[in-house]
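Chains as they are written, first to last, in the working numbering: chain A, 1 to 334; chain B, 335 to 659; chain C, 660 to 986; chain D, 987 to 1438.
The hints are simulated quantities; they were obtained by calculation from the structure and are not laboratory data. Wrong hints could be hidden among the right ones.
Below, simulated DSBU-like cross-link-like pairs (lysine-lysine); rule was C-alpha separation at most 30 Å, straight line [stated by the list, open to error]:
1) D/Lys-1386 x C/Lys-862
2) D/Lys-1318 x C/Lys-858
3) D/Lys-1156 x C/Lys-862
4) B/Lys-631 x B/Lys-610
Quick partial rundown of chain C residues pointing at chain A, CB under 10 Å, derived from the structure [said to hold, decoys possible]:
5) Asp-714
6) Ala-720
7) Pro-748
8) Ile-888
9) Met-905
10) Leu-941
11) Pro-963
12) Phe-969
Now the stretches of chain A that chain C is said to cover, found in silico as 3 or more residues with beta-carbon under 8 Å [stated by the list, open to error]:
13) 152-164
14) 191-197
The beta-carbon is built from N, C-alpha and C at its ideal position, and this holds for glycine as well.
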Amino acid sequence: MAQRELLSGLPVDWQKLKTMYYYMVLSRKLDERMWILNRQGKASFVISCQGQEGAQVGVALAMDPSVDWITPYYRDLAVVLVFGMTPREVMLGFLAKRDDPSSGGRQMPAHYGHRAKHIMTGSSPVTTQVAHAAGLALTMKLRGLPGIAASFLGEGSTSQGEFHESLNFAAVHKLPLIVVVENNGYAISVPQIHQMAVVNVADKASGYGIPGVVVQGSDPLAVYEATMAARERALRGEGPTLIEAKTYRYTPHSSDDDDKTYRSRGELMREKADDPIVVFRNWLMTQKQWDDQQENTLLKKVREVVDDATDYAEQAPYPDPSTLMDHVYYSPRA
Amino acid sequence: MAKVKLTPELLKEIYYYMALSRALDDRMWILNRQGRAPVVYSANGHEATQVGAAMALNRGEDWIVPYYRDLAMVIAYGETPREVMLHLLGRADDPNSGGRQMPAHWGLKRRHIMTTGSVVATQDVHAAGLALASKVLKDGRVSLASFGEGSTSQGEFHEALNFASVHKLPVIFLNENNGYAISVPARKQMAIMDVAARAQGYGIPGVIVDGNDPIKVYEVTQEAAERARRGEGPTLIEAKTYRFVPHSSDDDDRAYRSREEVAEWKKRDPVITFEKRLIDEKVMTQDELKAMQQRIKDEVNDATDFAEKAPLPDPSTLGRYVYAE
Amino acid sequence: MAVMSYLEAIRETLRQELRRDSRIIIYGEDVGVRGGVFRVTEGLQKEFGEDRVIDSPLAEAAIVGTAIGAAINGLRPIPEIQFADFIFPAINQIVEEAARIRYRSNGEFGVPLVIRAPFGGGVHGALYHSQSVEAFFAHVPGLKVVIPGTPYDAKGLLASAVEDEDPVLYFEHKAAYRSLKGEVPEERYLIPIGKADLKRSGKDVSIITYGLMVSYALKAAETLEKEGISVEILDLRSIRPLDVEMILDTARKTGKVLVVHEDNLTGGVGGEISALIAEHALFDLDAPIRRLAGPDVPAMPYSPPLEHAFMITSDKITEAARDLAKF
Amino acid sequence: MAEVVLMPQLGESVTEGTIGQWLKKVGDEVEKYESLLEVMTDKVNAEVPAPVGGIVSKILVEEGQTVEVGTPICEIAGAEEEVESGTSSLQEGSQARPSSESKPSPAATGTEQVQQATRGGESETSEQGDSLRGRYSPAVRRLASENHINPDTITGTGAKGRVTRQDILKAVSEHRQGASEETRSVSAEPQAQPTKPSASAPSVSAAEMPVLQGAPAVIDPEDEIVPLASVRKVIAERMVRSKTTVPHAWLMMEVDVSGLVALRDRVKDEFKAKEGVSLTYVPFMLRAVVQALKAVPEMNVQWNGDSIVMKKRINIGMASATDRGLVVPVIKNADEKSIVGLAKASQDLVRRARTGRLTMDDLTGGTFTVDNTGAIGTVLTYPIINAPEVGIITMESIVKRPVVVQDMVAIRSMMNICISFDHRAVDGAEAGKFVRLVKENLEAIGPSTSIY
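Taking the hints into account, I'd like the entire structure generated from these sequences.
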């Protein structure tokens, strides 16, 4: 039985909070395994969620994957796991195997997509997905569907014209949309100060006449709460919300990047002190909801899941080269 | 640049350009309805905004990147009535494009008027680029892009403001908000009342000004230019105004605007109210006014005759200026 | 003479140009502190300062659009698009503006700017980090498109692009960056835009190609030489304007032409070359013109077998040229 | 069983890596996923984890060394138990692709399939009928027609028996040999029927080359009849075409080349010793012409019916007499060559022309022609334009003549230069300007002019 308490005005379902923690740890460990496989030469590319799990899990768990849609970006491993993509599926995509549900091995890793799980396929040019999410939301509004759409992006992407065009469009038409900016302070090497002349991305909301909310990404509960409010507003037909989660990424931009050229190690260590996983675990422990034994059990289970996903994907077949020309145009699925 | 005092001469000059623009505009419509000019885009109603802004700049030195409605701005900036008419009629000597572009696609290098295309909001980024060069070259110039409120929905508007604010570029973004993007009213264009509110998202000043009052536009533009020259970055100015005519000679605005609304705005016609003000405040006498109006009429007649007699481009020049020559 | 990689040749040319002409500025995403994601601009911000090597916001339309304004106001901008695949948000500024400005202003305004972008595949870059986009731009009068195939050409073409009064798209093959090395003179030199280069003389088959494919074709030619097949290789270097004369010369010489490019087959540069030869050198042709090009799928897939199936290799060139020689 | 560890590819475009540090030594035990070494590339520096567990048995690349991606760098012996203990199907999978699973070699993926998949991207030249005999390419048709050869009589060496261009060219040269043998036999038997050779000429020739039809020759019994060699026919056809279709205009100027003569006299011995070729007046003339063509690009054009083609390159044809007839080999990109380069290029071409070693490439692509008629002693020539070029210039004999210099009679070395030009494409003004520039360029040469 889930225990219910009241925490800063929010009714808390402890089982849900443990689920939150599980997904944070799972995505972290899966991510770490990917780096290992990359450095072993088994995978040519990794792009990480590490450091942003709190923001991602907070948003995703406040949504309803049965009716809502998401357009994630390449850092959203934790988001897609919560939305139902399995670790095996993630690894199949990572190793570019035939049964990769995102693209059958066609796209780079972390370009998630899963129709059945309401994850819209994404590309590499940033910010296109925000317009897509507005389109998904437009359909929901026009057809009276019950869900909302959420789009995820980094703060660098807010410089793109499509960010502006999408928010403007969604605001004018009061679309059920949440735009989540995972602000980790860097667009690859470019710090936020060279990206925009404002401190908060959320300040941009006023230019569209919509709410802009700043939350601490290392606090999944705060993110969860803000998302719940935004989702309810969207469902009431009051239009979109811009949520800015302040986060940090612990890895370089990707396995092709070397962040030592643009971030100091001191800065990284300071930021790591606010690791969402550590902070959240400590909090659960102070709330007497978590202990070392539970932690060890969880880590063992996660390790098993990650090993299983790795082995499964490593042994899975590659796509057949004869399928190169498939799916350029429509063909009825077998 | 020290603040220029609003001398009677300056006020008269402002009026002169506003009235000249209106007269040219009227003539262009006549030529269109006579079948002599294929299409007309008007400044009609926007004259105060355009002339006020132009006069506040270092004309011919600072860059302007106008849009198709900026007839009054470009003539205040030094494009002559003859040149305007050569452009309208697609003549060989049209200095804007040699008869290549549609009318109202301004561009006059001699006066630092940047060439413009038809796709809206591209000019916002160009103005930021001109200002980037000024910042690097330290040439003391300011750039001004003008645009309608409809084009603020374009991504390039956002990219330009963001870029310019990050790099504190000497640029002024002048929005001539007339409430309609062709037929689409502003409320269907944006979920906010004022374009100026967007400035907050870029950490720059957003100023709202009465676009039918050339003096107020002059003052805020001058302030924005000074801020830009001090290296403090861009300003977004929103001039609230109205166009009295359809979007173009191909448009019929009765489909989307009530005649009452148009009549209501016409009570505040900037040319008429400013003329009255100059007389009331004794800047000009009735005789002076009449003389100026006669001069304008003569200039418009001369420009029309000149352009109609001017040669059309030689078809053999079709392939020229694809690359540098 | 120093031996340099293709990437170093580009970097050193940028450095030389920045030193030579104070009007030149470089900007784009990550070009400053990070020195570019491929490290092409490494060290340039340190040497020339933040005013001349600028980290721009992540907005391609703004990068190109502001470069247009800056060019008109007296600078010589060299904007970088981080990957050619990301050039499309800027296509409005490149095609509708940069390419048309001179023409639409009757020659009054010109846009001297060089847009650099890494392109091409075979590096596990998948659909959005592998594209060849040259044909889109080669179609547009007002633009020039150059693609060097050697470090030497990379330098001479870049210097010419910088001097050009018109917008030049300068595409750099990612797989060439570190794999191609060659001698590059220290002094500045210009390779005229629009002039192709005969990289190898032969009599049985002509291969017309550009970019990374030049080195693949040279390798194929060596293999075929051992089989007694003599291959001529024409490196176009410029995709627009094309060196029509040299294309026709080599077609007339061997009568058998193989055009190779990594870009998709349909509507690619190969089609234009084939048409030119068919129009002007029909009576010298001894075999159908053959095109070896990227298949008509939207872009290069990631998974190794699929990527290999897409990518043109030296083996595929060898096979195609051999077939043609035997025809 | 030892596992070979390969240098991984750390980043797009990276082709090599440098071993920074081995974190394990030979004999050390290493766990799967444990860091094994540090690799530095110019994109990233990274720790590389072990692909399997076991004992490091060999280190193949030392610290500080740089090797290509895919190079074996160490071996790990006694791979840990779990690798061996999978289910049989798993084991099959892992053994089929040991350590570089993510990068199968082309061979591993099956060339057949790959070809299948890429076929859509190639034009399909091999999809032809069974035999290609009797189907001729445009080049074969043209060459056969020009040389009056029936391609049906030639054995094709191409795919499916196709007659190739090379087959035709081979037949042409054989045919030519045959023709010269025939000549000898005719001359050996003057009494043979005089009309026989002309009757044996292919009937198609009259229709195809009307230009050769002129007033019929009067043949007396003692006359010798020599059938036309194909080269002669080509020359004849071109000359007739040029002379009948191109409105030739002509003009001449005289040039005082005393300075040039003095210069050549001064340096020719040294030049010969140093460069290995003789220094003639030709390269100076070539350079003077090239410089003039640059200044008057209207002369470096080709007539194209309804347009004029402005040639970008300056390729100079040099009319040369050989025992097989007149040929015009071409110095390509003559504007990029110095006097020395021109001297070498021209003498190389002349030598190869005389020994019959010119290639097709040598004979095509000219944009303007220079004819050294002076070599045979002329002082005035009216050359025929090598159409579609629009001009041909001659250099005549250099002779010492008394001329008036500053109102005094002096003995100077004088040379005439004559030009024929296509009056459709150029007018006298340009041609005159051009010739004057050639003259000025030549006269500017003095004893101390540099030839390098």
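Outcome of the hint check:
1. For a cut-off of 30 Å, the pair hint linking D/Lys-1386 to C/Lys-862 is broken: about 48 Å separates their Cα positions.
2. A distance of roughly 16 Å separates the Cα atoms of D/Lys-1318 and C/Lys-858; the hinted pair therefore holds under the 30 Å criterion.
3. About 14 Å separates the Cα atoms of D/Lys-1156 and C/Lys-862, which keeps this hinted pair within 30 Å; it holds.
4. Proximity of B/Lys-631 to B/Lys-610 is assessed by CA-CA distance (about 19 Å); at most 30 Å being required, the pair is judged to hold.
5. Taking 10 Å as the C-beta cut-off, the interface hint given for C/Asp-714 holds, the closest approach to chain A being about 5 Å.
6. The interface hint given for C/Ala-720 holds, since its Cβ lies 6 Å from the closest Cβ of chain A, which is under the 10 Å cut-off.
7. Proximity of C/Pro-748 to chain A holds as hinted, the smallest CB-CB distance being about 7 Å (cut-off 10 Å).
8. The restraint placing C/Ile-888 at the interface with chain A is violated, with a minimum CB-CB distance near 27 Å, outside the 10 Å limit.
9. Interface restraint check: C/Met-905 against chain A, minimum CB-CB distance 34 Å, threshold 10 Å, status violated.
10. At about 32 Å, the closest approach between the beta carbon of C/Leu-941 and any beta carbon in chain A exceeds 10 Å, and the interface hint on this residue is violated.
11. For C/Pro-963, the shortest C-beta to C-beta distance to chain A is roughly 7 Å, which falls under 10 Å, so the interface hint holds.
12. Restraint check, C/Phe-969 versus chain A: the minimum CB separation of about 6 Å is within 10 Å; hint holds.
13. Look at the region 152-164 of chain A against chain C: 6 of its residues bring a Cβ nearer than 8 Å to a Cβ of that chain, three or more, so the hint holds.
14. With a threshold of 8 Å between beta carbons, the proposed coverage of the region 191-197 of chain A by chain C holds, since 3 of its residues qualify and at least three are required.
Hint check: violations occur at hints 1, 8, 9 and 10; the rest are consistent with the structure.
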